[in-house]
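Protein chains in written order, with our numbering: chain A, 80 to 565; chain B, -12 to 67.
Watch out, some of these pointers could steer you wrong.
[What the hints assert, rightly or not] No more than 30 Å apart at the CA atoms, straight line, and that leaves these computed lysine-lysine pairs for BS3-like: (1) Lys43/B - Lys280/A; (2) Lys280/A - Lys290/A; (3) Lys280/A - Lys371/A; (4) Lys43/B - Lys371/A; (5) Lys257/A - Lys280/A; (6) Lys257/A - Lys518/A; (7) Lys43/B - Lys(-3)/B; (8) Lys518/A - Lys507/A; (9) Lys(-3)/B - Lys518/A.
[Said to hold, decoys possible] Chain A is nowhere near these chain B residues, computed Cβ spacing over 12 Å in every case: (10) Ile3; (11) Ala13; (12) Asp62.
[Claimed, not checked] Quick partial rundown of chain A residues pointing at chain B, CB under 10 Å, derived from the structure: (13) Ala375; (14) Gln377; (15) Glu471.
These are computed hints drawn from the structure, not numbers from a lab.
Bear in mind the structure is a predicted one, so any value in this text is a computation, not a measurement.
For each residue, glycine too, the CB sits at the ideal point set by N, CA and C.
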Amino acid sequence: MSLSRAVTWPAIALLFAALAACAYPTRNQEVASIDHRQGYRWNNLDQNPLEDTLVVVTASGGGTRATALALSVLKGLHATRLPNGRSLAQEVDVISSVSGGSVTAGYFALEGPRGFDSLEEDFIRQDGMEALLVAGLNPYGLAKLATDGTERIDLLIDYLDEQLFDGATYQTLLDNRKQPYLLLNAADMVEGVPFSFTQRKFDLLCSDLAKFPLATAVAASAAFPVALSPVTLTNHQPCAAIENTPRWPPRWVTVSLDPPDEDPFAQPSIWYDNPQRTSHARTENAYARTGKAPEAEQKQYVHLLDGGIADNLGVFEPYRMLATGDSDPSFLNQMSNGQITKLVFIVVNARSFADSNLDRSRATPGFLDMLMASISAPIDRTTAGTADQLRELLFTAFESLELNEVVENTALIQVDFDAIADRACRRKFQSIATSWTLKDEEIDGLLQVGGALLANDPDFKALLRITGAAAPALPSLREVCGALSF
Amino acid sequence: MPFAKITVTKPLNRLIYINGGYEQSAGNSSTTTFRVPSGGHVFETLDGDDAVDFRKAFRVRRNERKKSIELDRVDPPEPI
Chain A
80 MSLSRAVTWP AIALLFAALA ACAYPTRNQE VASIDHRQGY RWNNLDQNPL EDTLVVVTAS
140 GGGTRATALA LSVLKGLHAT RLPNGRSLAQ EVDVISSVSG GSVTAGYFAL EGPRGFDSLE
200 EDFIRQDGME ALLVAGLNPY GLAKLATDGT ERIDLLIDYL DEQLFDGATY QTLLDNRKQP
260 YLLLNAADMV EGVPFSFTQR KFDLLCSDLA KFPLATAVAA SAAFPVALSP VTLTNHQPCA
320 AIENTPRWPP RWVTVSLDPP DEDPFAQPSI WYDNPQRTSH ARTENAYART GKAPEAEQKQ
380 YVHLLDGGIA DNLGVFEPYR MLATGDSDPS FLNQMSNGQI TKLVFIVVNA RSFADSNLDR
440 SRATPGFLDM LMASISAPID RTTAGTADQL RELLFTAFES LELNEVVENT ALIQVDFDAI
500 ADRACRRKFQ SIATSWTLKD EEIDGLLQVG GALLANDPDF KALLRITGAA APALPSLREV
560 CGALSF
Chain B
-12 MPFAKITVTK PLNRLIYING GYEQSAGNSS TTTFRVPSGG HVFETLDGDD AVDFRKAFRV
48 RRNERKKSIE LDRVDPPEPI
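Turn these sequences into a full structure, and let the hints guide you.
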């Protein structure tokens, strides 16, 4: 390429960027009716054969490190065979995820265990960073970014579609009718709270989740701040679907709010009874009331960023399902009425902890160091409290509620690099970069360590007893750590 | 998060729906002990036309551990 052409093409693209009108894509479509019998909802999927046993897997963020670790755990579950001939992976009822974990969760919901090989070959082992940079920085890519309706996040959306999802939507999952029920989690950038891609949430925006592309939902879950642009949803209110709904906002929102027709100073706010429920309900009420609220209170757009900002374990929505009657499904109700008597909950945490020279130097950290710390530190450190809250719920709260059969048949498995006692091995895994490109040796290690950590958890024996599964042949942590070549 | 156990004394032998969760009933008013977190709740029953014919809205204070409630008739029944 001649020098003049090398200069001309980027200049033309930058010119397009300067001249292009600011038109933004509408990513979510308006729904025709709000109907609990339709759409991507729990009851519209076929239930797994182990009807009295709830199996939940959550997968954290962390780029391809998290994608690979979550895949390793699912492979370990697939190696765990049940008396009915199925694998425990096939009995996963709910998979909830954030960021890198969402690539695995979304593809597993779409393809099941038969997709394991293509997830590894077509995504995990690919140089994702180079693909994104090439897509964005070549003249065509730059020109495309300058056109109406294309944003930086579309680089990731297009890449996910090309490598894995091929345009699949939530309607594809609905047509398959198979569990697991998929919960992809992003974060509302303005509210700082988790945003789960569920039809109930989309009802509040008068939107149809069935038409929403899986690649876009995964990308929203993984929209790392600054590097990528948010996925912006449109609140389609006012809309005919809500005008035709007898009661709006729905009861599962309004029950946690102070009654609007009562004197707000007559008694203590309902917030004191349950701050978590009321805070969440106030955000959802703001989505739901946008059609009728004063302009200053409207939420006409929801800007979604990496779910790790609000909940890097992807535990928030499953916790809500276990702890309240505000969600669909409500597993608390199903445990109360005896439908669910056994619970397997697997938390996969790919948290990184990279070595840093900053705390060995007197020099004031620079702008980039501060920017990265302000983004990464909250994502990496908020997970500890969430895991403790879950443990308290499953073993203390449920015991006080006399859900005795459930308590005696609960296995809580934590797949976490922190569980590796050998310091050198632990730090090797924790130092793997948060990136869409990893070295083959790192991937090899990650694809082994998930299964090893699964089997190493003290509650794994309880998992085998509860499900009647045979002990699988999985590598030990000693073997995995000994075989590392990075 | 605090929780409480709820028993329903009226109406008898009806399916209960909690907080507008009409996708699936939470249990039977006569045989299920319901568990709820503290805060506001609405228990309802649906008649043969899928309309609400009994309802009770109530609040569980953070220090309450059990409660017994009677649902009130909704006349005429309200569509969901």
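Hints versus structure:
Between lysine 43/B and lysine 280/A, the direct Cα distance comes to roughly 25 Å. Compliance with the 30 Å bound is thereby established for this hinted pair. Restraint check for lysine 280/A and lysine 290/A: satisfied, since their Cα atoms lie roughly 14 Å apart, inside the 30 Å limit. Straight-line distance between C-alpha atoms of lysine 280/A and lysine 371/A comes to about 18 Å, which keeps the hinted pair within the 30 Å bound. For the hint linking lysine 43/B to lysine 371/A, the alpha-carbon distance of about 27 Å falls within 30 Å, and the restraint holds.
The straight-line distance between the Cα atoms of lysine 257/A and lysine 280/A is roughly 21 Å, inside the 30 Å bound, and the hint therefore holds. For the hint pairing lysine 257/A with lysine 518/A, the CA-to-CA distance comes to about 34 Å; that exceeds 30 Å, so the pair is violated. Restraint check for lysine 43/B and lysine -3/B: the C-alpha separation of about 10 Å stays at or below 30 Å, so the hint holds. Taking the CA atoms of lysine 518/A and lysine 507/A, the gap is about 13 Å. The hint holds against a cut of 30 Å.
The straight-line distance between the Cα atoms of lysine -3/B and lysine 518/A is roughly 64 Å, outside the 30 Å bound, and the hint therefore fails. For isoleucine 3/B, the non-interface assignment is contradicted: its Cβ lies about 9 Å from the closest Cβ of chain A, within the 12 Å cut-off. Listed as outside the interface, alanine 13/B is inconsistent with that label: its C-beta sits roughly 4 Å from the nearest C-beta of chain A, within the 12 Å cut-off. Listed as a non-interface residue, aspartate 62/B keeps its Cβ farther than 12 Å from every Cβ of chain A; the least gap is roughly 16 Å.
Proximity of alanine 375/A to chain B is violated relative to the hint, the smallest CB-CB distance being about 26 Å (cut-off 10 Å). With 10 Å as the threshold, the beta carbon of glutamine 377/A stays out of range of chain B, its nearest partner Cβ sitting at about 23 Å, so the hint is violated. Taking 10 Å as the C-beta contact cut-off toward chain B, the hint placing glutamate 471/A at the interface holds, the least distance being around 9 Å.
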